[in-house]
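Q: Chains as they are written, first to last, in the working numbering: chain A, -13 to 193; chain B, 39 to 317.
These are computed hints drawn from the structure, not numbers from a lab.
Please note that the accuracy of each hint is not assured.
[To be verified] Subject to a maximum C-alpha distance of 27 Å in a straight line, what follows is the list of computed DSSO-like cross-link-like pairs (lysine-lysine):
#, chain 1, residue 1, chain 2, residue 2
1, B, K122, B, K43
2, B, K122, B, K236
3, A, K115, B, K43
4, B, K154, B, K122
5, B, K43, A, K117
6, B, K43, B, K313
7, B, K236, B, K154
8, A, K53, A, K7
9, B, K80, B, K154
10, B, K122, A, K7
11, B, K66, B, K43
12, B, K154, A, K115
13, B, K43, B, K80
14, B, K80, A, K148
15, B, K174, A, K7
16, B, K43, B, K154
17, B, K236, B, K80
18, B, K313, A, K117
19, B, K154, B, K196
This is what each chain is made of:
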Amino acid sequence: MKRQLPLILVAVTAVFIMAMKFFNFGPFGAAAITEADIWIQVTYEFAFLLGAINFTLLHYGNVSRQKPRWIYSAIALVAMVLTCIITLVDGVNGEIAVFLYENIANRIDSAIYALLGFYVCSAAYRSFKLKNLEAGILLVSAVLLMLAQAPIGDAIFPGISKLGEWILNVPNSAGMRGIRLGAGIGAYAASIRVILGLERSWTGSGS
Amino acid sequence: MDWEKLQNIDIRILYVIILFCMAIPMFKPIGLPVAVSENSRKVFQVIEDLPDGSVIWVSHDTGSGNAPELNPMISALARQAFRKNCKLVGTAFFSETVGPTLLYDYINEVAQEMGKEYGVDWINLGYRINAPATLKIMVDDVWQGAGGVDWAGDPLDKFPLMQQVRSIRNDVDLLFVTTVGSPGYGDWMQYVAEPLNKPLTGGASLTMYSGVQHYIRSGQLKGFLGGLRGAAEYEQLVDHPGQGLAGMDAQSMGHITVLVFLLLGNIGYFMARSKNGRQ
């Protein structure tokens, strides 16, 4: 029953919500959808709590067993606990809480994002080699788009920005639509498997 | 010559060169003109077509990572809107501090320059958790959705603008959204733009373009400002160069540096291959 209950719960909930969304049940249907939306948000909050618990257990384990680089786990734990305490005491919009968020979290976020620029450059240099046709197409597209996105491209090759627009609008969109369709169909298939109880990996018991 | 070396240049050298190539134009801009794309022109035009005094809802749904390319869009929007005496009502649904702070700073800078007053010509309602639920409420009751206060916690009844803006349904004429993914244009369309038939426009990182392109084609999204380039194009249309155009020179130099290194890497690869082939 311990394994059956989550499967039944998911199947019933999914069928219920689908029925409410696809068929007109009048005011009852509208109220049910609104209620379901609230439940979804509550579930998200639980997922967040679960994340915090998981984070604590993982890093506490690293610290207590003195695993390699455990010091980073200790810093992560201290940072989380301190931030929680300060935010609870000072309030979400409190001076110290906002200062910490703006001057530590946001700055780190910006720095990591900026570092991506350097990594992208080094990755492009190392991997964009004209080894075969596919690599050639990728390389040419990348070069064209890089030139098209910067004004210097138009200065060197007038009109290249229009070519860049075309690449984005036509081949890129065609590929993207294919990916979206594939992902959509995949999501449907996966959902049906979950509803029918064929996909059980999410329960932690394997398929 | 050892062509292998061209393929294995110390990556630290590449980093230093990129750093300098991008930093120098920031201090000494080259001022290259930017060709304006159709999508940016559409954004400009849909705002230009609004009657004077319209209310524009601007949501700066960004984090600190994408902010440098999205902030200039907010400045340019404020400039275009204030020229037409349009009112701006701001929100932020992505980041609790980044979005509302930057929204305030960037609109405030333009507002002060153009003599526009907070609470009369524009307001910042700040961050609200759970975009879909909040948007659903704000459609019919902005005050309730905002919790009755603006970003600074001041009651909305003290602001003349908010006497005019009670619901998005009746009092807002256009939605301008910058986004980094979620909440995204899908949310804004589902809960606001489509049910209320309100024009939706805005900008995001260029990497999101392929994800929103179908919305532009269907006419659900009125144009799109793609990344820093889109911001620069918009600044050019508004005829007021700012951070977007300044950043384009740095972007140009960065791209050219990468292209030079790509060329070197490929020359090294081919020469080494042909040398190995001969041996």
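Q: Each hint: holds or not?
A: Hints, verified against the model:
no.	hint	verdict
1	K122(B) to K43(B)	violated, 59 Å
2	K122(B) to K236(B)	holds, 19 Å
3	K115(A) to K43(B)	holds, 15 Å
4	K154(B) to K122(B)	holds, 12 Å
5	K43(B) to K117(A)	holds, 18 Å
6	K43(B) to K313(B)	holds, 14 Å
7	K236(B) to K154(B)	holds, 25 Å
8	K53(A) to K7(A)	violated, 50 Å
9	K80(B) to K154(B)	holds, 26 Å
10	K122(B) to K7(A)	violated, 42 Å
11	K66(B) to K43(B)	violated, 33 Å
12	K154(B) to K115(A)	violated, 54 Å
13	K43(B) to K80(B)	violated, 48 Å
14	K80(B) to K148(A)	holds, 16 Å
15	K174(B) to K7(A)	holds, 17 Å
16	K43(B) to K154(B)	violated, 59 Å
17	K236(B) to K80(B)	holds, 15 Å
18	K313(B) to K117(A)	holds, 16 Å
19	K154(B) to K196(B)	holds, 17 Å
In this structure, the earlier hints numbered 1, 8, 10, 11, 12, 13, 16 are contradicted, and the remaining ones agree with it.
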